[in-house]
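Engineer: From just these sequences and the hints, can you work out the full model?
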Amino acid sequence: MPIEYKKNQANFLDVATVEEAEPLLAWLQEKKKPKVDLKGCTHIHSANLQVLMALNVKINTWPEEERFRAWLQSALSH
Amino acid sequence: MNPLLVQFLSEASDCLEGIAAKLMQLEKRPGDSDLMNELFRFVHTLKGNSGLFDFPEMTRVLHAAEDLMDAVRTGAVRQTKNFTDEILDAMDFVGGLTREIEAHGHYADTHRDEAVRIAHGLRALLSSGEAATSSVQETSTSPILASLPPQSFQRVPEAVKAALSNHIKYGESCFWIVYKPEEGCFFQGDDPFYLARHTPGQIWGCVENREPWAPPAALDPYRCIVDFQILAVAFKEELADHFRYVPDQVKILEVLPQWLHPQAVAHTHSDSNPASGTQQSEDALSEEIFESLTQVFRAQRVILEVAQDASDKKRRLSRIGTTLLNCAKAIGQPPELLEKIAALAKAAQESGDATALLTWMQDFQNAGFRSIATAKEEKVSAASETRSVEEAIEAKNAARSEEGSPASLAGTVAKSLKVDQVKIDRLMNLIGELVVSKNAIPYLAQRAENQFGVRELSREIKSQYSVINRIAEEMQDAIMQIRMMPVSVVFQRFPRLVRDISRKLGKEVSLVLEGEETEADKNIIEALADPLIHIVRNSLDHGLETPEVRKAQGKPATGTLTIRATQEADRAVIEITDDGKGINPEVVKRKAHEKGVIDEETLERISDEDAIHLIFAAGFSTAEVVSDLSGRGVGMDVVRSAVEKINGTIDLQSRVGKGTRLRISLPLSMAVTQVMIIESDGQIFGVPMDHVVETVRVPRSAVRVIKSAQMTLLRGRLVPLKTLNTLLRIPAKPQTSADDEYAVLVVRVGTDTLGVIVDEFRETVDVIQKPMTGVLSGLQAYSGSALMGDGSVLMVLNLKEII
Chain X
399 MPIEYKKNQA NFLDVATVEE AEPLLAWLQE KKKPKVDLKG CTHIHSANLQ
449 VLMALNVKIN TWPEEERFRA WLQSALSH
Chain V
99 MNPLLVQFLS EASDCLEGIA AKLMQLEKRP GDSDLMNELF RFVHTLKGNS
149 GLFDFPEMTR VLHAAEDLMD AVRTGAVRQT KNFTDEILDA MDFVGGLTRE
199 IEAHGHYADT HRDEAVRIAH GLRALLSSGE AATSSVQETS TSPILASLPP
249 QSFQRVPEAV KAALSNHIKY GESCFWIVYK PEEGCFFQGD DPFYLARHTP
299 GQIWGCVENR EPWAPPAALD PYRCIVDFQI LAVAFKEELA DHFRYVPDQV
349 KILEVLPQWL HPQAVAHTHS DSNPASGTQQ SEDALSEEIF ESLTQVFRAQ
399 RVILEVAQDA SDKKRRLSRI GTTLLNCAKA IGQPPELLEK IAALAKAAQE
449 SGDATALLTW MQDFQNAGFR SIATAKEEKV SAASETRSVE EAIEAKNAAR
499 SEEGSPASLA GTVAKSLKVD QVKIDRLMNL IGELVVSKNA IPYLAQRAEN
549 QFGVRELSRE IKSQYSVINR IAEEMQDAIM QIRMMPVSVV FQRFPRLVRD
599 ISRKLGKEVS LVLEGEETEA DKNIIEALAD PLIHIVRNSL DHGLETPEVR
649 KAQGKPATGT LTIRATQEAD RAVIEITDDG KGINPEVVKR KAHEKGVIDE
699 ETLERISDED AIHLIFAAGF STAEVVSDLS GRGVGMDVVR SAVEKINGTI
749 DLQSRVGKGT RLRISLPLSM AVTQVMIIES DGQIFGVPMD HVVETVRVPR
799 SAVRVIKSAQ MTLLRGRLVP LKTLNTLLRI PAKPQTSADD EYAVLVVRVG
849 TDTLGVIVDE FRETVDVIQK PMTGVLSGLQ AYSGSALMGD GSVLMVLNLK
899 EII
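Chains X and V, in that order, are what the protein sequence lines are.
Residue numbers in the first sequence follow the working numbering, run continuously in steps of one, and reach 476 at the last position.
Residue numbers in the second sequence follow the working numbering, run continuously in steps of one, and reach 901 at the last position.
Everything labelled a hint here was simulated from the structure, so no lab data went into it.
Be a bit skeptical, because a hint or two may be false.
Which residues of chain V face chain X? A partial, calculated answer using Cβ under 7 angstroms [said to hold, decoys possible]:
hint, residue
1, Leu107
2, Phe285
3, Asp289
4, Phe291
5, Gly303
6, Cys304
7, Val305
8, Pro310
9, Pro314
10, Ala316
11, Tyr320
All of these numbers come straight from a predicted model, not from anything done at the bench.
Beta carbons are placed, not taken as given, at the ideal position from N, Cα and C, and that holds for glycine.
Structural biologist: See below:
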């Protein structure tokens with residue numbers, strides 16, 4: 399499972415594929431204060447990126463890789 | 099070469115030939131919709147097939163040609179001389195590519211610009227020049243406009259701009275890339291973010307939504323509405339190559355010095371990078387050193403690129419490593435960094451892959467030749483990550499190509515002999531003649547006995563005949579066997595096809611193939627390929643649901659598509675079954691009525707069973723959106739006509755929510771046709787047994803005349819009667835038997851049953867039917883001719899045409 403759903407936190411691992419986008423969207427809508435951990439993540443498909451952007455999700459931990467982090471921060475930090 | 103590719107090439111050349119011929123005919127007969135449809139189908143097939151391979155330029159041109167033809171076909175655009183010229187040009191281009199692929203397995207990447215130009219020319223015809231200007235990219239930007247930075251460029255942070263100005267200062271080409279992916283790109287398997295992230299020489303990038311976000315409940319995650327902006331220091335060709343699949347969605351603009359703020363230009367690298375590393379490099383490097391380093395690094399990159407294919411690659415790599423080490427030492431870098439350079443250079447030498455080294459060089463240079471010790475670890479993991487993703491993709495591709503060409507195939511290819519079909523056809527003709535001339539021997543025996551009275555000789559001739567007969571029959575059988583091919587030839591394309599399509603559509607499908615060893619005549623198998631592909635595409639596109647929908651309906655998330663081939667008596671049966679949503683007769687009825695396929699009255703009384711068969715009607719397509727896969731309305735009517743052309747039948751069963759089953763029944767061989775011989779006005783004719791339902795004798799008194807049409811009651815059913823003499827315009831009355839009965843041949847043509855009054859029935863025979871050629875080819879009343887044993891010619895009637 400590339401996304402691990404814990405109580406209020408989704409942990410992204412390795413690559414989040416296009417198929418993850420719908421379950422992710424559903425999960426984020428269910429939770430009041432969802433948090434996302436991208437530490438172990440190496441890539442997320444554009445569809446997931448859109449979902450995170452659209453729902454203005456709080457990112458708890460950013461990925462380790464610098465450039466990837468820069469990309470995500472350009473879209474997700476507020 | 100991959101067998102799939104070999105097949106593609108041979109089909110492509112057929113398609114191209116067909117396109118050229120049809121275009122020529124079309125020019126003589128402009129507006130002929132049948133010709134136009136055939137032409138369209140050729141291009142459609144070719145485009146679909148090219149999509150299976152990594153030939154984006156070819157697919158691009160064919161896609162544009164297809165769109166143009168579709169517009170001409172529906173009358174949206176007029177067919178002009180220009181149209182023919184443009185399409186011919188495009189096909190010449192495609193032909194050139196296929197020849198190059200045939201020779202080298204791929205084509206050179208110098209064709210990109212031409213592909214864009216041709217596709218653009220085709221699209222210009224499509225929209226009379228309007229879309230033309232918008233799809234041209236940077237070339238159309240006026241010089242004044244180009245000198246101004248694009249609005250979005252202001253988003254670039256000052257620090258990045260400063261670093262950028264340094265690159266420009268030292269003569270490196272920097273580009274501003276705006277990538278606006280298509281909304282539906284996810285369905286084509288694209289991941290724009292991945293593509294953007296891996297832009298070569300990228301120094302900065304950002305992503306933003308091009309329109310406000312919909313509320314979460316209404317958000318469609320699969321409609322791509324994000325844009326990417328990227329700054330990259332790279333060669334333009336490199337960038338164009340990176341974005342080669344989406345050239346119409348990206349704009350690549352060279353960053354001009356005047357784009358940057360004047361102060362920014364004046365800035366030196368010294369204050370450009372706040373992330374400083376160790377003590378030694380805290381102080382800025384002098385401009386002189388900075389410049390020299392930039393030049394050294396650039397030279398190394400050039401060497402690396404040149405070295406890619408050179409035989410002394412290892413030596414060059416080791417030298418580059420030394421140079422880099424010396425540079426780092428000269429500007430006083432910490433020992434960890436020196437070690438890292440040495441390790442990278444060594445790894446590159448060993449693996450022959452300098453990607454990691456190049457990445458590091460780029461990063462180091464971007465950071466203004468400062469120690470990037472803090473970021474060092476990330477860099478390493480970044481490099482290995484990129485590699486692991488690449489490896490994963492490679493492994494997937496490998497698995498894919500393996501699936502496309504089963505291992506068993508390699509064995510059969512090696513053992514088999516490739517023979518030109520013409521040679522087999524010649525054998526076939528010869529054996530046909532042998533069978534016919536052999537059949538003349540019994541007549542000879544009869545003459546020997548009756549005319550010359552030599553019974554002994556007659557008996558000997560007969561016994562010799564039986565020997566020749568046995569050998570001839572066996573030989574005929576053997577030659578038929580040569581022409582037999584297993585359906586696996588067609589089936590082997592499906593794993594790849596299903597996989598690719600289901601991925602594009604985001605569906606999960608498991609494909610079950612059964613009875614691949616079932617054999618049929620080569621012509622039949624070949625004719626089967628296209629209809630089957632259409633059917634499979636339709637099943638995937640319209641039949642099977644997405645995993646979410648399936649789960650919601652309590653079905654397993656993975657849909658099953660079964661393709662089963664079996665042999666039933668002298669016919670091969672192919673069943674394509676899916677457990678998708680089935681065909682809803684109500685929807686089909688409504689659509690058919692909307693499209694004018696059926697009238698109001700039919701709409702009212704048509705049964706559900708008949709309604710689903712409407713999908714085979716010409717001009718019927720339920721797809722709302724024209725997609726890459728199916729739904730241009732060429733699907734099912736083409737399938738039916740293709741199957742009927744080879745004397746096959748097609749049957750459809752579907753239950754809403756449960757799935758659909760298509761059953762195609764085909765003759766095993768087209769070479770031998772069973773015909774019934776009938777006689778009328780002293781002439782004999784053949785009628786294919788496929789059409790014959792029964793033979794009956796009807797008393798003259800039982801023939802009724804209703805409104806000048808003859809009818810008779812046959813087991814409670816009213817059967818219309820027609821006289822063969824009338825149908826063939828033979829000026830003679832039909833003859834009755836001694837008991838005053840008509841000989842009525844009950845035939846089925848399509849779905850109609852009717853009786854044909856003839857003079858007499860004769861035996862049924864197996865004949866090798868020859869098509870009508872030359873001046874006779876204009877005679878639509880006959881489907882062909884056959885030679886009889888006594889040397890006479892039997893004309894085989896084409897019932898569909900004469901009734």
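Engineer: Each hint should be assessed against the structure and marked as holding or not.
Structural biologist: Cross-check of the supplied hints:
1. Leu107: violated, 32 angstroms
2. Phe285: At 9 angstroms from the nearest chain X Cβ, Phe285/V fails the 7 angstroms test, so the hint is violated.
3. Asp289: holds, 5 angstroms
4. Phe291: Since chain X brings a Cβ to about 4 angstroms from Phe291/V, closer than 7 angstroms, the hint holds.
5. Gly303: Check passed: Cβ of Gly303/V comes within 6 angstroms of chain X, closer than 7 angstroms.
6. Cys304: holds, 4 angstroms
7. Val305: holds, 4 angstroms
8. Pro310: violated, 9 angstroms
9. Pro314: holds, 5 angstroms
10. Ala316: violated, 10 angstroms
11. Tyr320: Because about 6 angstroms separates Tyr320/V from the closest Cβ in chain X, which is inside the 7 angstroms limit, the hint holds.
Of the numbered hints listed earlier, those contradicted by the structure are 1, 2, 8, 10.
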